[in-house]
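Student: Listed below are the residues making up each chain.
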Amino acid sequence: MSASDCHRPEFAHPAEEAFARILDFYGIEWEYEPRTFPLEWDAQGNIVEAFAPDFYLAQQDLYVELTTLRPQLSTHKNRKLRRMKELYPEVNVKLFKRREMRDLMTKYGLMQEAGQIQGTGAQKREA
Amino acid sequence: MTENWLTVYKELAPDISGILITPEELQQRVKEIGAAISQDYAGRNPLLVGVLKGVVFFMADLLRAITIPVEVDFIAVSNYSTESRQQGVVRLVKDLESSITDQHVLFVEDVVDTGLTLNYILRNLRARKPASLEVCVLFNKPEHRLVDIPLKYTGFDLPDRFVVGYGLDYREKYRHLPFVGSLKPQVLQGNAKG
Chain A
5 MSASDCHRPE
15 FAHPAEEAFA
25 RILDFYGIEW
35 EYEPRTFPLE
45 WDAQGNIVEA
55 FAPDFYLAQQ
65 DLYVELTTLR
75 PQLSTHKNRK
85 LRRMKELYPE
95 VNVKLFKRRE
105 MRDLMTKYGL
115 MQEAGQIQGT
125 GAQKREA
Chain B
309 MTENWLTVYK
319 ELAPDISGIL
329 ITPEELQQRV
339 KEIGAAISQD
349 YAGRNPLLVG
359 VLKGVVFFMA
369 DLLRAITIPV
379 EVDFIAVSNY
389 STESRQQGVV
399 RLVKDLESSI
409 TDQHVLFVED
419 VVDTGLTLNY
429 ILRNLRARKP
439 ASLEVCVLFN
449 KPEHRLVDIP
459 LKYTGFDLPD
469 RFVVGYGLDY
479 REKYRHLPFV
489 GSLKPQVLQG
499 NAKG
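If you read the sequences in order, they're chains A and B. Here our numbering is used: position 19 in the first sequence is 23, and no number is missing along the way. Here our numbering is used: position 20 in the second sequence is 328, and no number is missing along the way.
The set of hints was computed from the structure by calculation and includes no laboratory data. Virtual Cβ for every residue (Gly too), placed ideally from N, Cα, C. Treat the hints with care, as some may be off.
Stated by the list, open to error - Just so you have them, the derived chain B footprint on chain A, three or more residues with Cβ under 8 Å:
| id | region |
| --- | --- |
| 1 | 30–42 |
| 2 | 91–104 |
What the hints assert, rightly or not - No more than 20 Å apart at the CA atoms, straight line, and that leaves these computed lysine to any residue pairs for SDA-like:
| id | chain 1 | residue 1 | chain 2 | residue 2 |
| --- | --- | --- | --- | --- |
| 3 | A | Lys111 | B | Glu451 |
| 4 | A | Lys111 | B | Pro450 |
| 5 | B | Lys449 | A | Val68 |
The shape of chain B in the complex, shown without the other chains:
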């Protein structure tokens, strides 16, 4: 199956050294998380909040795996890119569309690595006094954690490698891959030198 997926994405396959998590494994785990959320939040009408852009793939599949009434909203924050760092601090680029006060909020994230972005967003959401605020993360990279954040739901622990696919990008590429693959070092090195 691994070879088949790399054949399908033959233009990107030369950049990928191997598939770490197959589409089937991703879908199975997302279904399990969706079932757990459906059970834990029954009768609480939770609001799922995601941060753009990487989470859209996971969010779309997760929502369809949840069997209880839920609402969804998105926020976007500036990341530490060349433009944003001139502003000095992280900024909310797109806010939620409605108040979350007294609502049960489940924050959904594709990946948590250092925890710096997630820590900022949770501080921001907590200040709005939700009834509860928990975190659901599909990909966890605990080796690099700088801020300890309790995770209620996690999908997979990722190895200490630069990986792409299913929302994870490298310079905005590879997000749309239905699997998670590790990027060849020469792709990173080539761009770093260039």
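If we strip away everything but chain A, and leave its shape as in the complex, we get:
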């Protein structure tokens, strides 16, 4: 069952909740952080770094990662995404960067949310 059919998850950032509502509005099924991809292991084989994309759109077989980080603060996330492509080339991940998120919110008339992104220095929690 998709997250849009049952109780809503606890979103890490208001922009994620706004994005989920847009998907609901257009009838797109989504899941919130359904899978974590290991990226780095230590010598004992323990996972030391992983990446959990924010959304999975099952009908599109697409993972979506949203970031409201300023470009200069998103180096770590960009590195994770590059590592994702190396290790899991068959997995489709689309990244919406800070400006793209702002434009998306503007496009859908969410001026308040767009303004919040404008003033956000960093996400509350990085995946």
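Using the hints provided, position chain B relative to the given structure of chain A.
Tutor: Frame of chain A, contents of chain B only:
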């Protein structure tokens, strides 16, 4: 020529950082698409369907570039604005005036970005069992695509910037500009803060 158009629209020019596609380039590409449609749909009397409001500029020019018999109709859907989101889901605000069952339908759209609206409309039209259903889009923004939709005809790939003109709006402004221009970031930022 770029400076000339910004001079003509001098009241809006301060909001525009530059012209990306000139009126001449738009008209040339629309003529090419019209010629391709005339060839591909010869003898099939297609129905061109557009979704209001942004498509009216492209539709008007495209129809005049098509040389075969065609029909035209429009639909309108609620977008994700403050009022509409209270309804929970997208709604058909204006429906087609006649049945499209067994008709060759070409859906005409000004811009496809995430594909969310287009995906909803195509699902709706497909359920009415047209003989065929294809998509013609003037402006394509593939970077933001969330739903993969086959496009039979495309005009221009747009850069990942907020652009206006030739049907594209920002808060209902700038649609009537005969060119496509990029909006200055401070226009977006100013309204987002306000």
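Student: With a cut-off of 20 Å on the C-alpha distance, tell me whether Lys111 (chain A) and Pro450 (chain B) pass.
Tutor: holds (15 Å)
Student: Three residues or more, CB to CB closer than 8 Å: is that satisfied between the region 30–42 of chain A and chain B?
Tutor: Per the Cβ count (3), the hint holds.
Student: So if I understand the rule, the pair passes when the alpha-carbon distance is 20 Å or less; does Lys111 (chain A) with Glu451 (chain B) pass?
Tutor: holds (15 Å)
Student: Has the region 91–104 of chain A got at least three residues whose CB is nearer than 8 Å to a CB belonging to chain B?
Tutor: With 3 residues closer than 8 Å to chain B, the region 91–104 of chain A meets the three-residue bar; holds.
Student: Would the hint linking Lys449 (chain B) and Val68 (chain A) be met if the CA-CA limit is 20 Å?
Tutor: holds (17 Å)
Of the hints listed earlier, there is not a single one the structure fails to meet.
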